[in-house]
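Sequence lines, in order, name chains W and X.
For what it's worth, the numbering used here labels the leading residue of the first sequence as 1, then goes sequentially.
For what it's worth, the numbering used here labels the leading residue of the second sequence as 1, then goes sequentially.
Please note: incorrect hints may appear among the correct ones.
[As the list claims (entries may be wrong)] What the simulated footprint calls covered on chain W by chain X, stretch by stretch (three residues with Cβ under 8 Å from a Cβ of chain X suffice, anywhere in the stretch; the number is not a length):
1. 46-56
2. 245-253
[As the list claims (entries may be wrong)] Derived SDA-like pairs (lysine to any residue); straight-line CA-CA distance at most 20 Å:
3. X:Lys-208 to W:Ser-68
4. W:Lys-2 to W:Pro-59
5. X:Lys-6 to X:Pro-30
6. X:Lys-6 to W:Glu-257
7. X:Lys-208 to W:Cys-63
[Stated by the list, open to error] Simulated DEER-style distance windows between Cβ atoms:
8. W:Asp-176 to X:Glu-202: 14 to 24 Å
9. X:Ala-158 to W:Leu-173: 41 to 51 Å
10. X:Glu-202 to W:Ala-105: 26 to 36 Å
11. W:Asp-271 to X:Glu-202: 42 to 52 Å
12. X:Gly-16 to W:Ser-185: 43 to 53 Å
13. X:Ala-66 to W:Leu-171: 28 to 38 Å
14. X:Pro-56 to W:Glu-47: 32 to 42 Å
15. W:Ala-259 to X:Asp-81: 41 to 51 Å
16. W:Glu-47 to X:Glu-202: 44 to 54 Å
17. X:Glu-168 to W:Leu-171: 21 to 31 Å
18. X:Pro-57 to W:Asn-67: 41 to 51 Å
Note that these hints are calculated values from the structure, not bench results.
Ideal Cβ placement from N, Cα and C applies to all residues, glycine included.
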Amino acid sequence: MKLLNASGCLDALTAPEIARSLDAFVTKTVTPLPREGNAPPRIAEVEDGMLNSIGLANPGIDCFVSNSLPRLTELGVPIWVSIGGFEVADYGDLCDRLDDLPEVAAIELNVSCPNVDDVPASVGEIVAAARGATRKPLYTKLSPATADVAEVAQAARRAGTDGLSLVNTILGLALDERTLQPRLSRSAGGLSGPALKPIALAAVHACYAATGLPIVGMGGISSGRDALEFVAAGASCVALGTILFSDPGAPARVRTELAGELEQLGVDGLDNVIGLAHAEPAPHLARAERAASVSS
Amino acid sequence: MGSREKCSVAGVEAIGPYTLLRVRRGRLEPGVPGQFFMLEAPGRLLPRPMSLSLAPPGELAFLIDAIGPGTRALCTLEPGDRISIFGPLGNGYRLDVERPLLVGGGIGIAPLAYVSEALDGPPAILGFRTADHAEAAVLLPGAQVVIDPILVTDAIPAGHDVLACGPEPMLEEVARLEPAAQLAWEAPMACGYGACYGCAVEIDGEIKRLCVEGPVLRAEAVAA
Numbered sequence: 001m002k003l004l005n006a007s008g009c010l011d012a013l014t015a016p017e018i019a020r021s022l023d024a025f026v027t028k029t030v031t032p033l034p035r036e037g038n039a040p041p042r043i044a045e046v047e048d049g050m051l052n053s054i055g056l057a058n059p060g061i062d063c064f065v066s067n068s069l070p071r072l073t074e075l076g077v078p079i080w081v082s083i084g085g086f087e088v089a090d091y092g093d094l095c096d097r098l099d100d101l102p103e104v105a106a107i108e109l110n111v112s113c114p115n116v117d118d119v120p121a122s123v124g125e126i127v128a129a130a131r132g133a134t135r136k137p138l139y140t141k142l143s144p145a146t147a148d149v150a151e152v153a154q155a156a157r158r159a160g161t162d163g164l165s166l167v168n169t170i171l172g173l174a175l176d177e178r179t180l181q182p183r184l185s186r187s188a189g190g191l192s193g194p195a196l197k198p199i200a201l202a203a204v205h206a207c208y209a210a211t212g213l214p215i216v217g218m219g220g221i222s223s224g225r226d227a228l229e230f231v232a233a234g235a236s237c238v239a240l241g242t243i244l245f246s247d248p249g250a251p252a253r254v255r256t257e258l259a260g261e262l263e264q265l266g267v268d269g270l271d272n273v274i275g276l277a278h279a280e281p282a283p284h285l286a287r288a289e290r291a292a293s294v295s296s
Numbered sequence: 001m002g003s004r005e006k007c008s009v010a011g012v013e014a015i016g017p018y019t020l021l022r023v024r025r026g027r028l029e030p031g032v033p034g035q036f037f038m039l040e041a042p043g044r045l046l047p048r049p050m051s052l053s054l055a056p057p058g059e060l061a062f063l064i065d066a067i068g069p070g071t072r073a074l075c076t077l078e079p080g081d082r083i084s085i086f087g088p089l090g091n092g093y094r095l096d097v098e099r100p101l102l103v104g105g106g107i108g109i110a111p112l113a114y115v116s117e118a119l120d121g122p123p124a125i126l127g128f129r130t131a132d133h134a135e136a137a138v139l140l141p142g143a144q145v146v147i148d149p150i151l152v153t154d155a156i157p158a159g160h161d162v163l164a165c166g167p168e169p170m171l172e173e174v175a176r177l178e179p180a181a182q183l184a185w186e187a188p189m190a191c192g193y194g195a196c197y198g199c200a201v202e203i204d205g206e207i208k209r210l211c212v213e214g215p216v217l218r219a220e221a222v223a224a
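Put together the whole structure using the sequences plus the hints.
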């Protein structure tokens, strides 16, 4: 099992030693053009979680490729580039820019940022555009704020995604205790942290059953036990997000705790835990589905 | 980047309406005056950024105003309690100045006590809302104290290298009066080490992270 960071929760260039404690570093989402992000205040702590409305602040793909990527490569950690766009063609263009770069290990399609106004229409169309532009492994990052996340995951699979990143934050609102005004300048922001964990687990569980795709599980993971639960629900990798803010040493701690959890469980190797929460192992289901689609 | 350690609380003292929290520093370095630490606030998800107020032998001391759930949790700690502390972080004051003058407003005097110690007690002007709040001036012996409605910015003499910390309107006025001043700013931050992008402010015309570029900035860098 690989341990990653959730996109936007770590800057490998200001904290290289933390990035090196991961199996791969996922960049903050890169967009076609530079973005300054939303006005402050951009973060607010809430009960068992936090809200953020950073708004995809990033230097844009040109500056990222020429300036950030060479420095990230020096870390010696596989680099996953998270990309985001405002129309379907953006994703194809961004993947096209990254396809020839050997230093990019994988591409994560952020199709679910809650902090921008223009959300592109169809996840299937986006994944298809990206798939047409790159041979790199594609992970599609989905929002749990949808009627049926498994259906979206199936659309992403049909369009050629190699895996899923589950989940992105969901919109929440916090009001100032004195003024009763929104604490974030943008009013609502993405909820992360422990409050998101059961929602994320449900999404991982449902998408694993529906697709059998490799899943990077994330959403409120702060301990080895949390990571174990995501793996049991169907994740083959897990990512740390909000916990990195309060505990930069979390990657090493979570690994140690996870080893202890496995020992206690009496299971040899985490791969044997993947999907353990399911009555029927999903890979079989996925194979049966594929066979059915071929024969029909 | 600083290091992170579980520190035990050595003392909690009321100073006017504020609280001076002293912890045993272990292997943590006190850093440069104006740098800050992320303090675990018991029962809260996120740590709270606090600039160092004093560095007694073997200890770190933080002056805290209990204004929300995190600072309230910190102010109700008791000797022997243990909290994680991460730091020192960010960029502090440059102390190689010829005629230092410390200018502080309210809880903004927090980092200035440590600056004063490092510079051997330079002149200081501190402003407070009430006489009760002004009790905190005890941390900078010999400082001139003004109380609302008199403002520190009415009392700054010309010809000094100003090192300031205080509420935003005060800092903006200091920046107008003294473009070469060094100002310590504050912004909500989740991590303190550049990961969360929560503390973005406009610096030199660009949106940057205060925890990485600051919290102490040249006045010109933030002039509107």
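For each hint, the structure was consulted:
For the segment 46-56 of chain W, the proposed coverage by chain X is satisfied: 5 residues have a C-beta within less than 8 Å of a C-beta in that chain, meeting the threshold of three. Only residues whose C-beta sits within less than 8 Å of a C-beta in chain X count toward coverage, and the segment 245-253 of chain W has 5 of them, enough to reach three; the restraint holds. Between the alpha carbons of Lys-208 of chain X and Ser-68 of chain W the distance comes to roughly 16 Å, so the proposed pair stays at or under 20 Å and holds. Simply put, Lys-2 of chain W and Pro-59 of chain W have alpha-carbon atoms about 28 Å apart, too far for the 20 Å limit, and the pair is violated.
For a cut-off of 20 Å, the pair hint linking Lys-6 of chain X to Pro-30 of chain X stands: about 15 Å separates their Cα positions. For a cut-off of 20 Å, the pair hint linking Lys-6 of chain X to Glu-257 of chain W stands: about 18 Å separates their Cα positions. Between Lys-208 of chain X and Cys-63 of chain W, the direct Cα distance comes to roughly 16 Å. Compliance with the 20 Å bound is thereby established for this hinted pair. A beta carbon spacing of about 23 Å between Asp-176 of chain W and Glu-202 of chain X agrees with the range 14 to 24 Å that was offered as a hint.
Remark: the range hint 41 to 51 Å for Ala-158 of chain X to Leu-173 of chain W is upheld by a beta-carbon distance near 48 Å. At about 35 Å, the CB distance of Glu-202 of chain X to Ala-105 of chain W agrees with the hint of 26 to 36 Å. A hinted range of 42 to 52 Å for the beta carbons of Asp-271 of chain W and Glu-202 of chain X is consistent with their spacing of about 48 Å. At roughly 32 Å, the beta-carbon separation of Gly-16 of chain X and Ser-185 of chain W lies outside the given 43 to 53 Å, and the hint is violated.
In this structure the hint that Ala-66 of chain X and Leu-171 of chain W lie 28 to 38 Å apart at CB holds, the actual value being about 30 Å. At roughly 36 Å, the beta-carbon separation of Pro-56 of chain X and Glu-47 of chain W lies within the given 32 to 42 Å, and the hint holds. For Ala-259 of chain W and Asp-81 of chain X, the hinted distance range of 41 to 51 Å is not satisfied, since their beta carbons lie about 30 Å from each other. As the Cβ distance of Glu-47 of chain W to Glu-202 of chain X is approximately 31 Å, the hint placing it in 44 to 54 Å is violated.
Distance hint check: the CB atoms of Glu-168 of chain X and Leu-171 of chain W are about 29 Å apart, consistent with the given range 21 to 31 Å. Distance hint for Pro-57 of chain X and Asn-67 of chain W: a CB-CB separation of about 45 Å, consistent with the stated range 41 to 51 Å.
Hint check: violations occur at hints 4, 12, 15 and 16; the rest are consistent with the structure.
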